[in-house]
Each structure stands twice: as structure tokens, then as C-alpha cells.
Amino acid sequence: MLNRINPPTFHPIESVNIISPESLKLSNGSNLFMFNAGDQELVRIQWVFENADFQANTPNINSALSAMLLEGTSKYSSAQIAEKVDFYGAYLFPEYNYDQTTLNLVTLTKYLDNLLPIALEILNDAIFPQQELDTYKRNSKQSLKIALEKNDYLARRQFNNTLFGNSNYGYIQKESDFDQLNRADLITLFKRQIIPANCTIFVSGKISNETINYISNTIDNNWRKTAEVPSLSMPVFNAVPAQKVVMERERGVQSAIRIGQLSIQRSHPDFPALQVLNTTLGGYFGSRLMMNIREDKGYTYGIGSGLGSLKHTAFFTISSEVGTEVCANTLKEIEFEINRLRTEEISEEELTLVKNYLLGSMLGSLEDVFSHTDKFKQAYFSGLTLDYFDYYTQQVTDITPEALLNLATEYLDFNKMIQVVVGKI
Amino acid sequence: MVKYNRFILKNGLRVLVHEDPSTPMAVMNILYDVGARDEDEDQTGFAHLFEHLMFGGSVNIPQYDKPLQLVGGENNAFTSNDITNYYITLPVVNLETAFWLESDRMLSLAFSERSLEVQRNVVCEEFKQRYLNQPYGDVWLKLRPLAYKKHPYRWATIGKELSHIENAKIEDVKAFFKKHYNPQNAILVVAGNVKTDEIKKLAEHWFETIPQGIKYERDLPAEPKQSEERREVIHSDVPANSIYIAFHMASRTQREYYIADLISDLLSQGQSSRLYRRLLKEQEIFSDIHAYITGSIDAGLFIIEGKPLPGVSIETAEAAIWDELEKMKSEFVLDYELEKVKNKMESTMVFSEMSILNKAMNLSYFELLGDAEGINKETEKYLAVSVEDIRNTSNEIFKKDNSSTLIYLAPDHA
Chain D
1 MLNRINPPTF
11 HPIESVNIIS
21 PESLKLSNGS
31 NLFMFNAGDQ
41 ELVRIQWVFE
51 NADFQANTPN
61 INSALSAMLL
71 EGTSKYSSAQ
81 IAEKVDFYGA
91 YLFPEYNYDQ
101 TTLNLVTLTK
111 YLDNLLPIAL
121 EILNDAIFPQ
131 QELDTYKRNS
141 KQSLKIALEK
151 NDYLARRQFN
161 NTLFGNSNYG
171 YIQKESDFDQ
181 LNRADLITLF
191 KRQIIPANCT
201 IFVSGKISNE
211 TINYISNTID
221 NNWRKTAEVP
231 SLSMPVFNAV
241 PAQKVVMERE
251 RGVQSAIRIG
261 QLSIQRSHPD
271 FPALQVLNTT
281 LGGYFGSRLM
291 MNIREDKGYT
301 YGIGSGLGSL
311 KHTAFFTISS
321 EVGTEVCANT
331 LKEIEFEINR
341 LRTEEISEEE
351 LTLVKNYLLG
361 SMLGSLEDVF
371 SHTDKFKQAY
381 FSGLTLDYFD
391 YYTQQVTDIT
401 PEALLNLATE
411 YLDFNKMIQV
421 VVGKI
Chain G
1 MVKYNRFILK
11 NGLRVLVHED
21 PSTPMAVMNI
31 LYDVGARDED
41 EDQTGFAHLF
51 EHLMFGGSVN
61 IPQYDKPLQL
71 VGGENNAFTS
81 NDITNYYITL
91 PVVNLETAFW
101 LESDRMLSLA
111 FSERSLEVQR
121 NVVCEEFKQR
131 YLNQPYGDVW
141 LKLRPLAYKK
151 HPYRWATIGK
161 ELSHIENAKI
171 EDVKAFFKKH
181 YNPQNAILVV
191 AGNVKTDEIK
201 KLAEHWFETI
211 PQGIKYERDL
221 PAEPKQSEER
231 REVIHSDVPA
241 NSIYIAFHMA
251 SRTQREYYIA
261 DLISDLLSQG
271 QSSRLYRRLL
281 KEQEIFSDIH
291 AYITGSIDAG
301 LFIIEGKPLP
311 GVSIETAEAA
321 IWDELEKMKS
331 EFVLDYELEK
341 VKNKMESTMV
351 FSEMSILNKA
361 MNLSYFELLG
371 DAEGINKETE
381 KYLAVSVEDI
391 RNTSNEIFKK
401 DNSSTLIYLA
411 PDHA
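As given, the protein sequences belong to chains D and G, one line each in that order.
Counting with this note's numbering, you get residues 1 to 425 for the letters of the first sequence.
Counting with this note's numbering, you get residues 1 to 414 for the letters of the second sequence.
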């Protein structure tokens, strides 16, 4: 007789194995890591640059540098670059975050020798043509105007600004900032930042020895050392006083909420354990915030919490969009759930659930060779090695209810948090 | 190339297995052959609401998510106008838990009043978050009924209005389950580090005793051929003007579907595409412009949407789009251009094979379309398209009396 009541036997999750990369130091000064795995004949190359400082309060230029990178070189116009990349069915795209700018090339291996030279041409000689810059300014202003109508966007940037001030992390972009952008500044920043000495390269895919030799030689021979590592600032962030910022918006049927405080970075020994705490509170579908505010009360489509580990600081945040009429109640329930973590020990049952979920999700996040590289990068840019993931697994496995309660007391304090509400309360 | 094995259980459940030993994970994907197109017009949004209720406990298992998370698994689902698709990713060592959970909810739900009450609220908040509280969020609520007059594609998956969701009753939920959620209307795919004979045993063990139910016979009204140009102008508190043009096109399995898909790529795939190059970069008319197809199973829509820059009139913007469409109708695209979009299609197929979840979902979908092997025939269907096909199909699609144009005018519009 089929037993549908009891679950099948559970098999604990074995340790997580992340592919160890081989590494090379190129003579142009850049470091190259390669990850060889997978069945598909494709390759991804990423050039990662630390963002260099420009002038105070001009983070706009860092994102513009990234967005404008493919818009032309002395040899190729923006249109010609786009044409080549599209013709070979490849993806060549810059990515920007607060700390780094990355150029990504993803292509079928058979077309690599058509595309790598273009990528290097761009890294050597992007010229930021005036006409393309004008297009960028125009379109960015329009996108910003549209974003400013979204409560969620407004809440996020207000929260960041309150927590991080006018640093790169917290700066509030204005339409007029785009008018200040000019070619000369972009070229200066490009020459300072987009250089081998400031670059780490990650190659992933099914790569033969021949391919890897081709890649490293081509990069080394065609992308020469031009300057030393740029000076990178080391801003310090201090906790700001607890406050509630409400941006009233008349129209609208939902309010966007952001609540949080400064937290610890990935390199901190408590980080994995704090991740367990964060997951319990709002890091997965079965989290306390989801169970209480969505699945019990139906106030929202979704609510979550997260730990953001940045280069110079870290933060904890809760975010949601809720019906305006239940916004005040939602804030109360969030406070209740945070306080519960600080006063009541979590049951063994719930803790096991969170641990198993986290380990399974770690295993599941390593689906393809690209994701192995991404995991490695997380550790690497936090100054850690792959041992970190063994430490992580061990910490997650070993954490006790008592230790979690202590962590909550230390790192999650509603009375010290910043609350941002955009909409109505 | 995606290899798979296929068998059918005695109750009609179709099962496909894709063996991929490179991963420690497995995916279980279950596609139910029901979507918003199967709803009653007075009860729209129901297929999607029902998807939420599938997580509210089944007949023998009070909670769905918890036991899955306990074995390191994750799940989600989506509803479209055509299908409802549920998927689980979990460590392969715990795959049987997925069989246990999915077979029980195919057998029967718990039909909890409490779950219905909460999920009605959750879905209403989803409706507000995605469709009401965003600039242009309501575009599909407006554009669908403009383009479709008879076919149930005239409403969006979320439903026509909040009241349809608010009024859902538990009897409706039960009837819906009975009608659509049975083995004959489902396709099960398992992918990952698995062996077909083991999956066969597990499938027989957990699924074969579920009663086969009654096969749902779909009988939807066909959309009559459009014969007049349609247009709606919305004066709304949006930050910028916006234009959407929808054209009727082929259904998913017709040859013209592939042609239309490539036409949308020629117009809008990548920064070298025609609309991006000419209308955004060269003529400086739009800040944003895209062409895409809805990709639905029954005859779908070809959409062009764009946001003109400040200072550009809607009339100028619309004329510029039509100018490009006329070129597609009167001139052959270059062989080179066609080769380019075919190359992109080919590499996209290879990239999509990196993920077992993608492969599992695609296998289910092609099985639903009539033949799972379709997954391996897509590329050749695209490669067979000629420049003549592109021009002929452009002439079929891009006609004023086949168009529905929706325009948002911002308050400061001069």
C-alpha cells in the first residue's frame, strides 16, 4: 500500500565542490583565472575592473563609462561593433555595479577568434564619440524619469542615500547629472581604470589547452600595460541614527518599504551564520516574514530580506510592496518578527529546515561552469579563497539556536534601523 | 541536441526523462495543459489564482513547501495564457520527495478555505504591484481586448479585474481541479543525474494509481480575421508618451511562426537590429524601441513598442515605425542580415542547453505542442527561412487593418 503520509527518506546534502581554477599572471599585469567544465562548445571571458574614483560626488561617470564602453573605437564605430557581435551570435556587454565594471564576452568557441580581437580593441581604445554620448544622455534621462514613477525604485535609492550618504553607494542621481558628462572626463577615467594592472580576467567554459593558449597569448600580446593601478579610495561608513523617512505619494495603491541597517561583510567570520539568521527571517519562501505577512495576512505579493556585502561596507535590508491600507500593520509585524529572533530561540525543527534549504540552494546554484566561476569571484573579491565554502558549509551545519539568538541581538536591532516608506502610511 | 526517453503511464500521464550526469541536482517539471485561455470570461484570472492554491496543501500533505525545503529543494510555478507550469530543483539524492509531493497534489488538493482567502489577497496585491502601481503596468489589460475580440487571449493571465479574483469560491476551485488537474492533462519531465529505468519505477509507484480523470477537450472560439484598423489613446499620468502596435500573426506550430520570430529579431534583436539602429541611434526618435512576439500556442501577436523622446510627436514616431515596416514589405532583407539572426538563434539554443531546468521545461512544452522531438527540430525550422519568406510574411502581418495601436499620452504632451 502506497504511503502518502510520510515523506521518503531524506539524504543529507554532501559537501559542496567548487571547481578550482587554474591561474596565470599575464605579463601585462593582469591576473587570469580559468574554469574548465561543461559540455557545450562555448566560452565566457570576463574582464573585471575595480571602479576608480573620479571626483567627489560624481558616481554618474562610473556608470556612464560602463554603458558607453562599446560605443566606438578609433577603428570601429558603435554600429560596426554591434554588427560584428550580433553576426556571430555572441554577447558582448558591460556590467556595472557600485564597486566594479565588467566587460563580458560570451560566444560559441568556434567564433572566439572573430570576437576576442574586438573586445581587446575596445579595452585598448574606446573613444566615447560625442554623438553616442548625446544619445546616452538623452535616453538615460528618459529612463530616470520613468524610474522615478516607481515607488520601489524611490524607496531603494532613498534607503541607500540615508545609509550611505553621497558616496558611490548612496548617491541620488539627478537628471542634471547627465548634462555634466563629457568626453574628456570619460577618456581620462577610461585611461585610469580600464587597464591590465586594474583587471582580473575570468575564463569559463569547455576550454581546450589550445583555446586557453590562444586566449592568454592574444590578450597578452594585444593589450599592453599602460599605467599602474589607479588609486582607489577606502571610504569608511559609520552607522547612522535610526530614522523613519516617509515620501508621501498621492496616487498609487501600494507603498514600497525598505528597512535596514549596516551589517558585516562576507569576510567577517560571522557572515555564514548571519546568513542563516537572514534566511530564517526573510531569505526564502518559507521565511518568517513571508509566512506572516504574505501567507498568513495576505498583505503583499512578496517580502524578503537580504545581506548585501559591498567592497567597503555591508548592509542588511528588508523590502516589500504592500497595500497602502496595511502598510502600518506591515511595519509592526516586521518589528515583531525581528524582536522575536532576539528573544525566542528558534526551534530545532525550523533551524534544520533553514540549514537544509541553504545547503541545497548552494548546491543548486552551481548548475553550470559559469556559476562555479561566479561563486569563486564572490570569495576572491572578498579576499577569501575557495576554503571559504567549506567554512560556510561547516558554519551553516553547526550553528545552534542559542548562537542564532546571540547573533540577532548583535546584528539585528529594529530600534537602530532606517525605515523608508514611499506611498502612503 | 537534447536526448530523452519517453513513456506513458496507464492513467495517461506522459513522462519524459533527460539524463544529464554532469550535475548533482535534478529537476522535476510538471506542465498542466490549462491556462488563462481556458477560463470563463466572467471568472478571469482563475488559472493563475489556482496555481497559488496548489501550494496550500494537498490531500495527504498539509504543507507543500516545508518538506521540500527540508530536503534542500526549491520550487516555483508560472501561469501563462496557455499553460500552468510547476517546477522543483533539488539535490538528486532527494528526488523521491518531489515524486511524493507532486503526485499527492495531482491526486487531490486539501481545498482549504483559509488558503483561498489568503491567496485571493496575495493575488490582488500581485495585481496591484505589477499591473496597477507601475507606469504602463496596465498595458496588457488594454492591448489584449483591443487586439482580440472573441478568443480568450483577450484577457491577461492576471485577469480582467480585481473583482474576478475577489469573488472566487471554493466550489469553483474544486471544479477547476477536477476539470484540468488530472494525469491525462499533464506532462511530467525529470532531468538531471538520473536513470530512466529508476524514474520509470518511481513514476509508476507514485503517479500510476492516480485516477485518469476526464480528458479536457478544448473548444475555443477562433479569433475572426481583423478587417479594420483599431486604435485607443489613453491620457494617463505616465512619465512619457508610449506607443504599442499589435498585429495578429501565426500560431505556434505554423511555419509562419518561425518567420515572424525572425522578423522580430531583424527588427529588434541586439544593437545592430534595424529599429534600434535606425530609429533610436540614427534618427533619434525613440529612447526605447522593441519588437517581439507573444509566442502563444493559438494565433499570437507581433508587438512593436517604443517610447518617443521628448519633443518627438506621437505621429512622427508612429510614422517612423511604419516606414520601417514598409521596407520589410517592399524590399528583401540582406542575406547577411538574415544569416546574422539565424546565427543568434543557433547560439541561443546552445546557451539554453546549459541548464537542466531549461531543458526540462522545453521538453514539456514541445511534448504539449505534439512532439517532444520538436525541441531538436527548432533550429532547422529557423534555418529554412528565406528572404522571400521574410518579405511575404511581413506583407501578411504589417497591414493597417491587421493592427491595434495603443497610445499613452503623458499630461505634459503638447
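Hints were generated in silico from the structure; no laboratory data involved.
Keep in mind that a hint or two might mislead.
Below, in silico cross-link-like pairs of lysine-lysine (BS3-like), each with a Cα-Cα straight-line distance of 25 Å or less [claimed, not checked]:
#	chain 1	residue 1	chain 2	residue 2
1	G	Lys381	D	Lys110
2	G	Lys342	D	Lys206
3	D	Lys25	D	Lys75
4	G	Lys10	D	Lys297
5	D	Lys206	G	Lys3
6	D	Lys297	G	Lys66
7	G	Lys179	G	Lys160
8	G	Lys174	D	Lys137
9	D	Lys424	D	Lys145
10	G	Lys10	G	Lys160
So, going through the hints one by one against the coordinates:
no., hint, result
1, G:Lys381 <-> D:Lys110, "holds (22 Å)"
2, G:Lys342 <-> D:Lys206, "holds (23 Å)"
3, D:Lys25 <-> D:Lys75, "violated (29 Å)"
4, G:Lys10 <-> D:Lys297, "violated (42 Å)"
5, D:Lys206 <-> G:Lys3, "holds (20 Å)"
6, D:Lys297 <-> G:Lys66, "holds (19 Å)"
7, G:Lys179 <-> G:Lys160, "holds (22 Å)"
8, G:Lys174 <-> D:Lys137, "violated (55 Å)"
9, D:Lys424 <-> D:Lys145, "holds (21 Å)"
10, G:Lys10 <-> G:Lys160, "violated (39 Å)"
In this structure, the hints that do not hold are numbers 3, 4, 8, 10, in rising order.
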